[in-house]
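A.B. asks: Here is how the chains run, residue by residue.
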Amino acid sequence: MLWQLDLVILTLVVATAIGAVAIKDLLGSAILFGAYSFMMCLLWAIMGAVDVAFTEASVGAGVSTVFFVAAVFRTTRRTKD
Amino acid sequence: MKFLGIIVVVITGALLVYTTGDFPSWSDPASPASTHVSPHYIEKGMHETAAPNIVTAVLADYRGFDTLFETTVVFCAGVVCFFLLRIPGRSPFTECQYRHKATGITVRVKHDRKMSGSFGEFERIDTLWTPHDLIIQTACRILIPFIQLFALYVIAHGHHSPGGGFQGGVILGASIILLAISHDLRTALDRLGEKAHAILCSVGVLVYAGTGAVCMVLGFNFLDYGALARILHVDPVMARSHGILVVEVGVGLAVMAALIWIYSNVSSRGNYDEGL
Amino acid sequence: MISIKPLLAVLVSLLVVPILVSSRTPNVREAWTFAAASAKFLIVVSMVPAVLRGEQLVYTVAQVIPGAPIAFRVDPLGMLFALVASSLWIVTTAYSIGYMRGLGEHGQTRYFCFFAIALSSTIGVAFSANLLTLYLFYEILSLATYPLVTHHQDAEARVSGRKYLVYILGTSIGLVLPAMLICYHLSGTLAFSDQGFLAGTGPPQLMTILLFMFVFGFAKAAILPFHGWLPAAMVAPTPVSALLHAVAVVKVGVFSIVRVLTGVFGIELLSWLNLGTIVCVIASCTILIASLIALSQDNLKRLLAFSTIGQLSYIILGVGLLSPKGITGGVLHIAMHAFGKITLFFCAGAIFVATGKRNISEMVGIGRRMPVTMTAFFIGALSITGLPPAGGFLSKWYLGLGTLQADQITMLVVLLVSSLLNAAYFMPIVYRAFFCPAEMAMFENRVQEAPAFCVVPLVLTALISIILLFYPEPFFSLARLVAQGVTGG
Amino acid sequence: MSSQYPGLLIIVPLLSALLISVAGWVNKRLCFPIAVVGLSVALYASIGLLLRVLAADPALDGGVVLYRLGGWDPPWGIAYYVDRLNALVLVVVSVSALLNLIATKNDVRESFSTKIGAFYTLYILLVTGLLGITVTGDAFNLYVLLEITALTGYGLIAMGGEYRAPLASLNYVYMGTIGACFYLLGVGYLYMITGSLNMADIASILPGLYDSKVVLAAFVICMVGVWLKMGFFPLHAWLPNAYTYAPSAVSSLIAPLMTKVMIYVMIRLMLTVFTPEFTFSVLALQTSVVWLAVIAIVMGSILALGAPDVKKMLTYIIVAEVGYMVGGAWLGNRAGMTGSILHIANDALMTLCVFLAVGNVVYRVKGYGFDDLRGIFVKMPFTMIGFVAGAFSIIGVPPTCGFFSKWYLISGGIEAGHYGFVAALVFSSLINAVLFFKLIEVGYYGSEDAHHHHGTTPVSMAEAPVSMVVPLLIVAGGLIAVGLYTGDIVARIIDPVIAQTIMD
Amino acid sequence: MSEIISSVVAHYNYWIYIALMMIGLYAVIGKKNLIKKIIGVNIFQTAIILFYVSIGAKKGATIPIIHHGPGGGHHETTASVIEASQYMNPLPHVLMLTAIVVAVATLGVALALAIKVYNQYGTLEEDEILSRIRVR
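If you read the protein sequences in the order shown, they are chains Z, W, S, Y and P. Under our numbering, read the first sequence as residues 1 to 81, first letter to last. Under our numbering, read the second sequence as residues 1 to 276, first letter to last. Under our numbering, read the third sequence as residues 1 to 489, first letter to last. Under our numbering, read the fourth sequence as residues 1 to 504, first letter to last. Under our numbering, read the fifth sequence as residues 1 to 136, first letter to last.
Read the hints as simulated data drawn from the structure, not as lab findings.
Pairs of lysine-lysine, BS3-like flavour, derived with a Cα cap of 25 Å:
hint, chain 1, residue 1, chain 2, residue 2
1, Y, K312, Y, K105
2, Y, K105, Y, K28
3, Y, K366, Y, K312
4, W, K2, Z, K80
5, P, K59, W, K44
6, Z, K80, Z, K24
7, Y, K366, Y, K105
8, P, K32, Z, K24
9, P, K32, Z, K80
10, Y, K438, Y, K366
11, P, K32, W, K2
12, Z, K24, W, K2
13, Y, K28, W, K195
14, Y, K438, Y, K312
15, S, K163, Y, K438
Since the structure is predicted, the reported quantities are computational estimates derived from the model, not experimental observations.
When you get a sec, could you build the whole thing from the sequences and use the hints?
C.D. replies: As structure tokens, then:
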């Protein structure tokens, strides 16, 4: 595996993480979190952890995001920070 | 609070970075993590459990007890969401709304009387109702069987390829959640009712724990699938392989049911109305 | 000699508690209390011969901490105290019945329950074989007396109850517990012995600090400045004040200090470090100040309370002298003061029951109305002042001899001065009760005593006070045995 | 059969929880009996284990009962190690859970009528988790079980009938998850440096690695995680609210057991995983942790003084008690460690006792403010007997068990020359006395105006049902019994534990 | 210089995990929105998963699924001796499967609680909730 590719994805992961925490809209946050999870999943796939990546793809990027969206839908998108 | 947060984060982070100096190099084959316990799994796992996917072998057999409780954690989450959110029954004095599918006319029925007669032409809706997109509905309806088929494959083929009970269960659950999103929650619940997935959830874990208990009854330790050899009439190694399969099915059931359970409670605030 | 008798003596009154709680009829309840009191007294008495023979009865209940089990040991000192407490319980029970019924108090069942528990723990303190057991029963006693002190459950009781707990629990947890742990840490044991177990285990400074922690920690002994709870606690019904605050509670405090001085430090260590003098100084300050305060009191029970504070320190003074005669006198004073003071309290209670009067200024001429009571009061006052023909004379005599034996002339002066002060605050009461001019008398010239249940006990204790001067057995022998034991001579 | 005790201990409650979940949908009346059976078997198994461990010869096999799950040898498979230390905790956990289950039956039936199945499922799973944490010998398995207890705990706490319960629970979720994650991270560090997850195996590998920064970091991270979970002072912020606003049937389960089991985990980590040699000699943290414990005790006591109601007050006392145990364990001598371990059992019992009593009061009076307690001695005399017994034990009045553990803790402080700790303990005892007598006073004097009612029969008695009072009185009696048997417990259970790990 | 680079290459994965973890921790401590905090907790958990997976990485090794002949799955047919260095370390993967599932379970519970809190207070901002509690 290429450590350069690894590094690029790591940077993306950090960027999406910061975005998910910083953005001032909960729905956007939730979607960015989904993106973060997906990046994470790629990263793990690169590292050879296929099972973990598979699980993260279905659980983290899939179901978690759905849960977040459902919760945001049932509460509010508004956030002050 | 923000200031405090920054201080805590900076201090903790600095300490953690400081300790990385003594870490073994990343992806070093000679690091202790790769040389002490895990070689046994890689070298002997296939012989001892007949599962080429070492992760599955370790997950469901060597460390099967962890996995049992991991499944229980999911089960717990389902029960907790139900426990917290579910509003049992609905008061008889709320009104229900039914929409005539063809014309879009909405009928309000008080006292929760069921619509009699041609119910099929009406659908129950809530005040928040938004029209669903026909394309999405159709696409999902076509996709869902394939998703479920794939999920079953993932569960069944966990021995040989990435995947297993968890992933399969999640995908199965996701397929139903997809149905609930693309149509509405009621449609999904018509397929798999609340009582059904609640019981299925505990049955899934029961299958797992029960397999272990059967081993115990047969005089072996808990979860020692080798005991199943006596029932299945195969040699102990194959018995382990079969045991893993049974367990994976249980995990799949439990995870699927739990995810649906959580979703239906979260998306409807426990009302079990039309959901998102 | 292993014997279960000490345990029985402690537990017999506890057995009564369930019966009390379940019984609905007052007569049955009080019969049980009587039975328990008598049983306890008999058990205690049955151990006297063995103790006089010089034997020690021991019994271990539970091994809780290595070197400090919950265990009982009956020695002369404990025997003397147990004998006083258990005999006075019978008398007080009778008096309580008269008093409580006379005033129609509420919560009588609760009252008798906690009374029984308090007596149990008093006997427990008396028979404890080590500091841990002593502390255990000391604490139980503190807690069991709380409902008794605050029996009236009104605002005044609340305030005094609070004060009581703050002083008693505060000092026992804050001072005694750490001191006990330090002792345990130093010597690895807590068992009392005649020579003490602290000798040679720590530096002198530490010993001095420990001594202060113990002397002030047992705040039940009401040594100044930890005396504040005692006058406050006089809000309690009079039998409680009588038994608990003239006999059980305060004497437990004094007894504990005596025990610690003799059984933990040991006379040798005390005299080597010259700590006895410190104890004497503390005690004599308390004696003088308390007697002076008592002079200014109008409330009879408060006066008695301050008198008690002073008298308690006599006992500590006696032991602090470290001379055999002084110790004999001090220990004997436990018994003498108990009988004298309980008579006085009974009298105060009887006056309250019969006339509703609490203050001395309202008692002018009361001798004509309640001659028996006031005669008993006179005898009690004599005993406390230390004049013949009452028992108090004997103990004060020995205390005086003790000061001479220890070459502490100052202390003799203190004793004499305080006796004068005692006379100064008691005798005017008696004088005004009997010999006031008829026009000043506040009562009709008609004999009207308190109920018989009240009067008989106080007459009894007054008589015993007198008898004790002429036949002070077995207290005197026990006190001599104590002095012999601890001074090794 | 007896060789399967460790398995039965976990499996039977787990299976019964699952059955309860099904029964909740089929026939609600079956839930409670199944729960009782499940926990009774667990109790039976844990007592059996304790007896077996006591009978075992320490010289022969270390006095340890080993149970290999799945039949795999450690470190490849997961194994249970039962020695005297966790056998003691197991018995405490199962006894408390069973008694609380029975005592709160009426309360639960009334509060959770429609979701009774879910309630008992979560209850039993929580107990299963606690038992599992105690019995397991695998560092990662402990994490999974930790999460089970945490998740069920969140759910149970949030269902308090209180306005603030969900928020309190959510704060608990954040802190609890962060705590568990820290623990997981610590285990990760250990795994990275040793390659093993089995506690005994790690312990055998570690001595060669003491100078590595990673081991140090692993230890500190694990400790921070565990401290977060137990509510050790600066990290305690979530605890009082969560325990206060929980339903009373839940607070009387969680308050006694959760923190104590976490203390057990801490001691296990200190003694077994990282040997005492490392904990106390290599690491220079000892004194600072004890001082932290001193602050915890003092602050917990002071906060308890300012608490607005009874339950809040009790939870702050728990914060102080956590300080007792952490401080005792970190004193680094026999007496302190003995006190700490003894206090796990004692504190569990006495906290259970006072919380059960408060639960009974809440059941009858429907409130736990100080004003709700007016005249409670007349209304609920038996409940208050239990409460007073628990209170005395917390204050440390002999012969209740609280006194003896405090004894060991203080003498440990004296031995270590750490007089700050001694002073803090004494201070906290005094504050506890003030706190409880404040309560007792309120209950004893009744309402302000109706004082001094001579000879009148007392106000109507409204005692809680027998099924609630009897378990409470059993616990109250247990406090004294355990106190009297302290000598045996220390000599037969705790001393060998400490001796095995070669202290001093 | 090359030493530094090799040290960086050897450890940057770990630094990234620390960075992510701190982002999550900051969100939990510093943010006032309850859902944001939940996201923070989740980022924290995933960071730890990343750490574990990094431990499991092994240079020159492949995914931990043993190549086996067309006979498939039968243990007797395994021809060659399996070398531990050929395959990734499976154990951290197993552990992290568990951790992911735990994370999603926690997420579900946390969201359920957030919804319950929102039902009660009508807001998800912590300071607004606290002021509402005070008013009450």
